[in-house]
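Number of protein chains: 4
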Amino acid sequence: MEQRARVLIDCDDEKGLVYKISKVFYDRGLNIDSNREFVDKEQGKFFMRTVVTGDFDIVELEKELNVITPKNAHLKVIEPKRKKIVILATKESHALGDILIRHEAGELDADIEAVIANHDLLEQLVRRFDIPFFHVPTEGLSREEHEDNVASLIDEQVFDYIVLAKYMRILTSSFVSRYPQQIVNIHHSFLPAFIGANPYKQAFRRGVKIIGATAHFVTDDLDEGPIIAQDVIPVNHRLEWRDMQRAGRDVEKIVLSRALSYVLNDRVFVHGNKTIVF
Amino acid sequence: MEQRARVLIDCDDEKGLVYKISKVFYDRGLNIDSNREFVDKEQGKFFMRTVVTGDFDIVELEKELNVITPKNAHLKVIEPKRKKIVILATKESHALGDILIRHEAGELDADIEAVIANHDLLEQLVRRFDIPFFHVPTEGLSREEHEDNVASLIDEQVFDYIVLAKYMRILTSSFVSRYPQQIVNIHHSFLPAFIGANPYKQAFRRGVKIIGATAHFVTDDLDEGPIIAQDVIPVNHRLEWRDMQRAGRDVEKIVLSRALSYVLNDRVFVHGNKTIVF
Amino acid sequence: MEQRARVLIDCDDEKGLVYKISKVFYDRGLNIDSNREFVDKEQGKFFMRTVVTGDFDIVELEKELNVITPKNAHLKVIEPKRKKIVILATKESHALGDILIRHEAGELDADIEAVIANHDLLEQLVRRFDIPFFHVPTEGLSREEHEDNVASLIDEQVFDYIVLAKYMRILTSSFVSRYPQQIVNIHHSFLPAFIGANPYKQAFRRGVKIIGATAHFVTDDLDEGPIIAQDVIPVNHRLEWRDMQRAGRDVEKIVLSRALSYVLNDRVFVHGNKTIVF
Amino acid sequence: MEQRARVLIDCDDEKGLVYKISKVFYDRGLNIDSNREFVDKEQGKFFMRTVVTGDFDIVELEKELNVITPKNAHLKVIEPKRKKIVILATKESHALGDILIRHEAGELDADIEAVIANHDLLEQLVRRFDIPFFHVPTEGLSREEHEDNVASLIDEQVFDYIVLAKYMRILTSSFVSRYPQQIVNIHHSFLPAFIGANPYKQAFRRGVKIIGATAHFVTDDLDEGPIIAQDVIPVNHRLEWRDMQRAGRDVEKIVLSRALSYVLNDRVFVHGNKTIVF
Numbered sequence: 018m019e020q021r022a023r024v025l026i027d028c029d030d031e032k033g034l035v036y037k038i039s040k041v042f043y044d045r046g047l048n049i050d051s052n053r054e055f056v057d058k059e060q061g062k063f064f065m066r067t068v069v070t071g072d073f074d075i076v077e078l079e080k081e082l083n084v085i086t087p088k089n090a091h092l093k094v095i096e097p098k099r100k101k102i103v104i105l106a107t108k109e110s111h112a113l114g115d116i117l118i119r120h121e122a123g124e125l126d127a128d129i130e131a132v133i134a135n136h137d138l139l140e141q142l143v144r145r146f147d148i149p150f151f152h153v154p155t156e157g158l159s160r161e162e163h164e165d166n167v168a169s170l171i172d173e174q175v176f177d178y179i180v181l182a183k184y185m186r187i188l189t190s191s192f193v194s195r196y197p198q199q200i201v202n203i204h205h206s207f208l209p210a211f212i213g214a215n216p217y218k219q220a221f222r223r224g225v226k227i228i229g230a231t232a233h234f235v236t237d238d239l240d241e242g243p244i245i246a247q248d249v250i251p252v253n254h255r256l257e258w259r260d261m262q263r264a265g266r267d268v269e270k271i272v273l274s275r276a277l278s279y280v281l282n283d284r285v286f287v288h289g290n291k292t293i294v295f
Numbered sequence: 018m019e020q021r022a023r024v025l026i027d028c029d030d031e032k033g034l035v036y037k038i039s040k041v042f043y044d045r046g047l048n049i050d051s052n053r054e055f056v057d058k059e060q061g062k063f064f065m066r067t068v069v070t071g072d073f074d075i076v077e078l079e080k081e082l083n084v085i086t087p088k089n090a091h092l093k094v095i096e097p098k099r100k101k102i103v104i105l106a107t108k109e110s111h112a113l114g115d116i117l118i119r120h121e122a123g124e125l126d127a128d129i130e131a132v133i134a135n136h137d138l139l140e141q142l143v144r145r146f147d148i149p150f151f152h153v154p155t156e157g158l159s160r161e162e163h164e165d166n167v168a169s170l171i172d173e174q175v176f177d178y179i180v181l182a183k184y185m186r187i188l189t190s191s192f193v194s195r196y197p198q199q200i201v202n203i204h205h206s207f208l209p210a211f212i213g214a215n216p217y218k219q220a221f222r223r224g225v226k227i228i229g230a231t232a233h234f235v236t237d238d239l240d241e242g243p244i245i246a247q248d249v250i251p252v253n254h255r256l257e258w259r260d261m262q263r264a265g266r267d268v269e270k271i272v273l274s275r276a277l278s279y280v281l282n283d284r285v286f287v288h289g290n291k292t293i294v295f
Numbered sequence: 018m019e020q021r022a023r024v025l026i027d028c029d030d031e032k033g034l035v036y037k038i039s040k041v042f043y044d045r046g047l048n049i050d051s052n053r054e055f056v057d058k059e060q061g062k063f064f065m066r067t068v069v070t071g072d073f074d075i076v077e078l079e080k081e082l083n084v085i086t087p088k089n090a091h092l093k094v095i096e097p098k099r100k101k102i103v104i105l106a107t108k109e110s111h112a113l114g115d116i117l118i119r120h121e122a123g124e125l126d127a128d129i130e131a132v133i134a135n136h137d138l139l140e141q142l143v144r145r146f147d148i149p150f151f152h153v154p155t156e157g158l159s160r161e162e163h164e165d166n167v168a169s170l171i172d173e174q175v176f177d178y179i180v181l182a183k184y185m186r187i188l189t190s191s192f193v194s195r196y197p198q199q200i201v202n203i204h205h206s207f208l209p210a211f212i213g214a215n216p217y218k219q220a221f222r223r224g225v226k227i228i229g230a231t232a233h234f235v236t237d238d239l240d241e242g243p244i245i246a247q248d249v250i251p252v253n254h255r256l257e258w259r260d261m262q263r264a265g266r267d268v269e270k271i272v273l274s275r276a277l278s279y280v281l282n283d284r285v286f287v288h289g290n291k292t293i294v295f
Numbered sequence: 018m019e020q021r022a023r024v025l026i027d028c029d030d031e032k033g034l035v036y037k038i039s040k041v042f043y044d045r046g047l048n049i050d051s052n053r054e055f056v057d058k059e060q061g062k063f064f065m066r067t068v069v070t071g072d073f074d075i076v077e078l079e080k081e082l083n084v085i086t087p088k089n090a091h092l093k094v095i096e097p098k099r100k101k102i103v104i105l106a107t108k109e110s111h112a113l114g115d116i117l118i119r120h121e122a123g124e125l126d127a128d129i130e131a132v133i134a135n136h137d138l139l140e141q142l143v144r145r146f147d148i149p150f151f152h153v154p155t156e157g158l159s160r161e162e163h164e165d166n167v168a169s170l171i172d173e174q175v176f177d178y179i180v181l182a183k184y185m186r187i188l189t190s191s192f193v194s195r196y197p198q199q200i201v202n203i204h205h206s207f208l209p210a211f212i213g214a215n216p217y218k219q220a221f222r223r224g225v226k227i228i229g230a231t232a233h234f235v236t237d238d239l240d241e242g243p244i245i246a247q248d249v250i251p252v253n254h255r256l257e258w259r260d261m262q263r264a265g266r267d268v269e270k271i272v273l274s275r276a277l278s279y280v281l282n283d284r285v286f287v288h289g290n291k292t293i294v295f
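Protein chains in written order, with this note's numbering: chain A, 18 to 295; chain B, 18 to 295; chain C, 18 to 295; chain D, 18 to 295.
These are calculated hints, taken from the structure and not from any lab test.
Please note: incorrect hints may appear among the correct ones.
Note: identical chains are not told apart, hence a pair may lie in one copy or across any two.
[Stated by the list, open to error] Derived pair list, reagent style DMTMM-like, types lysine to aspartate or glutamate, alpha-carbon separation capped at 20 angstroms: (1) Lys-93 with Asp-165; (2) Lys-98 with Asp-283; (3) Lys-108 with Glu-124; (4) Lys-62 with Glu-257; (5) Lys-88 with Glu-31; (6) Lys-218 with Glu-124; (7) Lys-62 with Glu-31; (8) Lys-40 with Glu-81; (9) Lys-62 with Asp-260; (10) Lys-32 with Asp-74; (11) Lys-37 with Glu-81; (12) Lys-32 with Glu-19; (13) Lys-40 with Asp-30; (14) Lys-58 with Glu-257; (15) Lys-58 with Asp-260.
In this text the structure is predicted, and so the values were computed from the model without any measurement.
Let's have the full structure, built from the sequences with the hints guiding it.
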């Protein structure tokens with residue numbers, strides 16, 4: 018039966034890998050629809066993302082590839098099917114709204130299972146799209162208790178990724194480690210970086226000429242982790258901090274949606290603290 | 018003897034190409050240093066650029082690859098050696114100067130064999146760098162006669178590419194067809210496009226918010242041909258046309274040098290009126 | 018009573034204008050909150066946008082300014098109040114959706130009075146936001162008849178601007194001339210420009226390295242008219258035309274919303290076929 | 018006698034400033050060639066840059082403006098004449114070369130009085146342009162001793178600005194304080210920022226998707242100080258750190274030259290740790 022699969026390989030580099038892998042495809046009579054490789058020479062790592070079509074069994078193909086790749090290889094053969102996501106938000110609607118509109122247009126490559134927020138401000142917007150909204154208030158709760166409530170709700174969903182669409186809570190290591198390489202975050206980025214409250218006010222006072230945004234997988238530290246996508250827009254002294262914030266929101270939402278598109282199409286490999294985006 | 022070669026393949030797409038090609042490398046014990054492929058599905062075309070290292074004979078390798086690739090394949094196995102270029106210029110020094118400085122810094126990946134200009138204004142600049150400068154005046158000559166003089170000078174050089182660094186003469190079909198896929202040009206680009214004299218004045222009057230530059234191979238029409246690189250910078254109403262021109266020059270020189278770097282490293286495939294840049 | 022007004026002046030340039038205008042503000046004890054001027058020397062035109070605060074009567078202030086500015090001056094003193102817009106759309110939701118989300122977030126600086134479309138595909142999206150949606154089918158109608166139906170609907174609304182959010186119908190001169198400098202359009206822009214069906218397919222085949230969008234006031238020709246905002250994103254040969262279209266949509270929606278923000282805040286002066294954006 | 022001057026005013030904001038200043042111009046019959054103002058409301062500061070033409074005495078005009086502006090006003094009325102610069106460099110030629118080429122083309126708006134370097138590598142390049150080159154070796158000298166040698170050489174020149182064109186030495190507070198708001202520096206910028214040796218290697222390992230450059234006035238800390246200009250270029254995982262460095266150099270040189278153009282045309286006001294660039 019004609020079908021299609023994404024073959025994702027991440028392993029130590031060694032001579033003959035491309036040959037051995039393409040031989041498996043060839044021997045089975047598969048078509049290579051697209052193929053991208055990258056070797057990180059410094060680390061001696063090999064990355065490959067191939068889309069194959071033909072008449073094959075996914076489990077069989079994966080087994081066969083396992084035989085000819087190095088021992089520690091991370092190997093996945095997956096059907097290019099729609100993913101499922103859970104979105105965490107707070108009060109700002111730009112990043113969430115951008116995802117909702119793409120979802121409605123059928124351009125998201127994912128179903129939105131639920132939106133969970135620590136405020137109820139976005140409830141109306143989410144309900145307009147007939148998507149489940151859960152308000153998890155923080156009042157009277159420790160950070161850990163609140164996170165437990167959020168995690169309980171998340172774990173009731175079937176999902177592939179958690180998207181932080183301007184979720185303004187700092188996540189604990191314990192929460193992050195539950196969902197390794199599954200949490201995608203967006204945060205504003207400045208040159209230089211600003212620490213502390215209201216970075217836009219600081220950016221205004223510092224007279225920055227560029228405002229950016231970075232989408233990344235969340236690791237222990239909220240605003241660090243492997244970078245998936247980045248972009249910037251030029252600003253100048255005439256923008257007050259609220260104008261800078263508005264401008265920044267445009268970059269944030271576009272960069273998050275771009276990163277999401279990469280992730281949902283299995284185009285992102287994580288290697289240490291960096292990504293390979295095919 | 019350990020050596021390195023760039024394998025460039027451009028042929029009809031067919032099943033098993035990657036396998037057959039990588040088998041040749043594997044059987045000879047070659048290392049794949051980098052590998053990039055692209056399939057233009059609409060046209061059914063396959064493109065591949067692989068850098069291999071190992072103990073091999075270039076002519077032998079090319080022969081062997083010829084056997085396993087389709088009949089009409091364009092196949093090149095070349096040593097990554099320094100190219101030679103001839104530069105054509107007129108009066109403006111920004112694009113030429115950028116190339117001269119890179120050349121002096123050892124970052125150009127090419128030797129500049131000669132600079133040929135239809136004015137003598139740039140002679141001093143070129144001579145400062147001890148590079149041969151030839152002034153080919155146009156006075157009293159037909160377009161064809163002038164071009165013949167230029168072509169004679171060019172043909173005395175050993176060269177891989179001709180770089181039009183703001184050469185402001187329109188080339189005849191006859192000239193262009195002497196050097197197929199060997200002439201790289203830079204020209205300003207606007208949204209919308211402007212035809213006729215002084216495009217910067219027109220851009221100013223039209224209030225464009227963006228100014229760009231396009232580097233491309235020259236085909237019959239000077240400002241068309243397969244695009245190698247493009248970039249833009251934002252402008253606004255406050256820039257007078259001379260300011261726009263200045264801003265435009267910055268984009269022009271960077272885009273030309275970027276395109277040149279791609280070309281000199283054999284990273285550009287031309288296919289019809291488009292390029293694949295690996 | 019403390020109030021705020023935007024003073025917009027567009028007139029022939031002459032000596033002493035800034036002095037005479039600022040004297041009016043000074044004599045009335047007004048504060049200048051922000052002030053931007055521009056002189057188009059080529060055309061001998063003066064443009065000024067000043068935000069003043071203080072205790073004054075708008076009609077009186079305008080009269081007084083009329084006395085000291087040249088005869089043919091275009092002079093407006095207006096309260097910075099929320100504008101009203103009517104949106105025209107077809108099938109694509111990205112530009113419309115971006116405006117709807119900003120509207121919902123209270124960031125649009127305008128009320129959306131109605132969305133009018135020549136297809137009913139976007140009805141559900143618009144209704145989700147409780148905004149009136151009108152489907153004006155084209156079946157069996159001449160261009161003029163359809164436009165008459167649209168114009169009738171538009172004219173039932175109270176509005177300041179008509180926004181073409183990917184409205185894919187070509188407007189007649191007669192329609193356009195009913196709403197001078199009131200229609201804002203967004204269209205994709207390429208280097209070079211492409212004429213005819215499916216520009217994204219043409220862009221793919223031409224191998225462009227940049228995709229852009231232009232927001233402009235509509236004059237007689239749909240894709241011309243004074244440019245309000247432009248932006249681009251880099252693309253490459255790996256994007257198929259549908260990917261280019263997706264990438265293009267991101268630029269289109271951001272550029273349209275940016276242009277809209279300028280227009281709704283009275284920051285755009287039109288002068289011939291160009292804009293001054295303060 | 019018809020002449021032209023730049024009027025630069027930086028003072029506390031107060032009502033009537035524009036009126037009073039433009040009255041001075043009006044009473045003297047001066048033409049306003051261009052005029053830009055900015056009020057930093059947070060700080061209560063007023064900035065103005067006006068180019069006036071007419072028959073006037075510069076010293077008289079400055080005196081008269083002093084009378085009607087606030088006590089602590091920084092006021093300058095200057096002829097738009099060519100500035101003089103001294104360049105400090107180390108080994109890299111891209112930023113220096115870009116300035117030399119502009120200088121040769123008559124586009125720099127400044128004379129280069131001297132190039133001073135802590136290595137002799139760039140001597141040949143500088144001498145090609147008949148510009149004095151001074152090698153100030155660091156061997157056997159303390160930082161202070163080396164700086165004293167550099168400062169002695171600088172002080173022998175007549176100059177307006179010192180340009181650090183990739184000068185890789187950290188300057189002491191004592192050196193910096195000798196030349197307040199006179200030293201312009203360029204440095205690479207990343208998101209996130211990297212501290213320590215070889216930031217390009219770190220950027221490569223971190224997988225950044227953007228590389229930038231910041232031009233700024235030097236204050237106590239080499240890579241801080243009021244930002245004059247910034248820009249970025251997109252990069253990806255395929256660029257090795259040397260490719261990132263090459264790409265970064267293109268941004269660095271363009272941003273430095275852009276900042277220099279602003280500074281040499283008296284378009285930059287410094288206010289605390291930020292700039293107003295008119």
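How the hints compare with the structure:
1. Lys-93 with Asp-165: Result: close neither inside a copy nor across copies, 31 angstroms intra and 58 angstroms inter.
2. Lys-98 with Asp-283: Within one copy, since 10 angstroms is at most 20 angstroms while 37 angstroms is not.
3. Lys-108 with Glu-124: between (24 angstroms within a copy, 14 angstroms between copies)
4. Lys-62 with Glu-257: between (46 angstroms within a copy, 14 angstroms between copies)
5. Lys-88 with Glu-31: For Lys-88 and Glu-31, the Cα distance is within 20 angstroms only inside one copy (12 angstroms; across copies 32 angstroms).
6. Lys-218 with Glu-124: For Lys-218 and Glu-124, only the inter-copy Cα distance (19 angstroms) is at most 20 angstroms; the intra-copy one is 35 angstroms.
7. Lys-62 with Glu-31: Within one copy only: 9 angstroms inside a chain, 29 angstroms across chains, cut-off 20 angstroms.
8. Lys-40 with Glu-81: both (11 angstroms within a copy, 18 angstroms between copies)
9. Lys-62 with Asp-260: Between copies, since 19 angstroms is at most 20 angstroms while 44 angstroms is not.
10. Lys-32 with Asp-74: between (27 angstroms within a copy, 19 angstroms between copies)
11. Lys-37 with Glu-81: both (11 angstroms within a copy, 19 angstroms between copies)
12. Lys-32 with Glu-19: between (31 angstroms within a copy, 15 angstroms between copies)
13. Lys-40 with Asp-30: both (17 angstroms within a copy, 17 angstroms between copies)
14. Lys-58 with Glu-257: between (45 angstroms within a copy, 9 angstroms between copies)
15. Lys-58 with Asp-260: Between. Shortest inter-copy distance 14 angstroms satisfies the 20 angstroms Cα cut-off; intra-copy 43 angstroms does not.
Checked against the numbered hints given earlier, this structure breaks only hint 1.
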